[in-house]
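Protein chains in written order, with the working numbering: chain A, 58 to 171; chain B, 35 to 144.
Treat the hints as calculated values from the structure; they're not laboratory data.
Be careful, since some hints might not be right.
Unchecked claim - Not everything, but these chain B residues come out facing chain A in the computed CB check (under 10 Å): (1) Q40; (2) I41; (3) Y110; (4) K131; (5) L132; (6) F134.
What the hints assert, rightly or not - Taking beta-carbon pairs under 7 Å as the criterion, some of the chain A residues facing chain B (in silico): (7) F91; (8) P97; (9) G118; (10) D122; (11) L131; (12) T135; (13) T155; (14) F162.
Glycine included, every Cβ here is placed at the ideal spot set by N, Cα and C.
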Amino acid sequence: GAVVSQHPSRVICKSGTSVKIECRSLDFQATTMFWYRQFPKQSLMLMATSNEGSKATYEQGVEKDKFLINHASLTLSTLTVTSAHPEDSSFYICSARTGATEAFFGQGTRLTVV
Amino acid sequence: KQEVTQIPAALSVPEGENLVLNCSFTDSAIYNLQWFRQDPGKGLTSLLLIQSSQREQTSGRLNASLDKSSGRSTLYIAASQPGDSATYLCAVFGFQKLVFGTGTRLLVSP
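The shape of chain B in the complex, shown without the other chains:
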């Protein structure tokens, strides 16, 4: 059974800092990995999708990496802003299932 864990569970940083969110998964037989953000009481916004054959993806200030063999992915956020405050979720797509991580609640203070 795939288990996805995110560390840290919560993170509070001042504006402008670069930060790294971690995601680990137990079964490396995945098709892809996706990072999302979720604002309180809202649905999910897709940030980045990494196919299993890829090592990283970038979008603006976000960079996600994938090391399938070690079961790890990181989301790097450069020059954080208060608007980045949200919960960040990683999700891995394995055999017909998309399994979510435990989430990281990020607070960026002005």
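If we strip away everything but chain A, and leave its shape as in the complex, we get:
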């Protein structure tokens, strides 16, 4: 299957700083990328959907100024957690797809804010 590379896999940052997570589709062009958040022992919650070259669509309750999503090319989307706080500590996973096809996922990023 197609490969989606997510980086970094783990990051620890200080409260108040910003963290950027990258999601790349390595061997296909992703017209749509999704960002999810997962709390311990819970399922994945969709945060936002991004289409290349346009603004991301955020789910209800997700602060767009806190979680900045950029989808500048067909192979790269980034999620920036701005002014991170301990409650932002979570597992973040990106997904990429082309049309109504199989979704391919990155390996996730474990964010810990101290």
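Using the hints provided, position chain B relative to the given structure of chain A.
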């Protein structure tokens, strides 16, 4: 709003048993449904993808069925093994969104 529910939430079985995991969704206007497994602290591994026009898909000991009209899918695991222990997630792709179910935590004991 699409809601996806999985039953049971947790399941513990002895090795060798056949088992069925259930997934139900409220909006039948979907493009496809996908089953994943997730090991603790890890990302997702895609198991099976069923297009909306299909009834089932098989891969090895796994068989997934889809009844779009009733909003249900099942994942059948034959001859379960301890290595099957993981959390299983179904996800439905509707209008531009991939929505995940609540998950089933499976433990297969030797």
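For each hint, the structure was consulted:
Using the Cβ-Cβ criterion of 10 Å, the hint placing Q40 (chain B) at the interface with chain A is satisfied: the shortest such distance is roughly 8 Å. Proximity of I41 (chain B) to chain A is violated relative to the hint, the smallest CB-CB distance being about 13 Å (cut-off 10 Å). About 20 Å separates the beta-carbon of Y110 (chain B) from the nearest beta-carbon of chain A, more than 10 Å, and the hint is not met. Proximity of K131 (chain B) to chain A holds as hinted, the smallest CB-CB distance being about 6 Å (cut-off 10 Å).
The closest approach between the C-beta of L132 (chain B) and any C-beta of chain A is roughly 5 Å, which is under the 10 Å cut-off, so the hint is satisfied. Contact between F134 (chain B) and chain A, as hinted, is supported at the beta carbon level, the nearest pair being about 4 Å apart and thus within 10 Å. The closest approach between the C-beta of F91 (chain A) and any C-beta of chain B is roughly 6 Å, which is under the 7 Å cut-off, so the hint is satisfied. A cut of 7 Å between beta carbons decides the hint on P97 (chain A): the least distance to chain B is about 9 Å, and the hint is violated.
Because the closest C-beta pair between G118 (chain A) and chain B is about 12 Å apart, greater than 7 Å, the hint is violated. Checking D122 (chain A) against chain B: minimum C-beta separation of about 22 Å lies over 7 Å; hint violated. With a least beta-carbon distance of about 16 Å to chain B, the hint placing L131 (chain A) at the interface is violated under the 7 Å criterion. The restraint placing T135 (chain A) at the interface with chain B is violated, with a minimum CB-CB distance near 18 Å, outside the 7 Å limit.
For the restraint placing T155 (chain A) at the interface with chain B, the shortest Cβ-Cβ distance is roughly 12 Å, beyond the 7 Å limit, so the hint is violated. Hint on F162 (chain A) holds. Least Cβ distance to chain B is approximately 4 Å, under the 7 Å limit.
Comparing the model with each numbered hint stated earlier shows that hints 2, 3, 8, 9, 10, 11, 12 and 13 do not hold.
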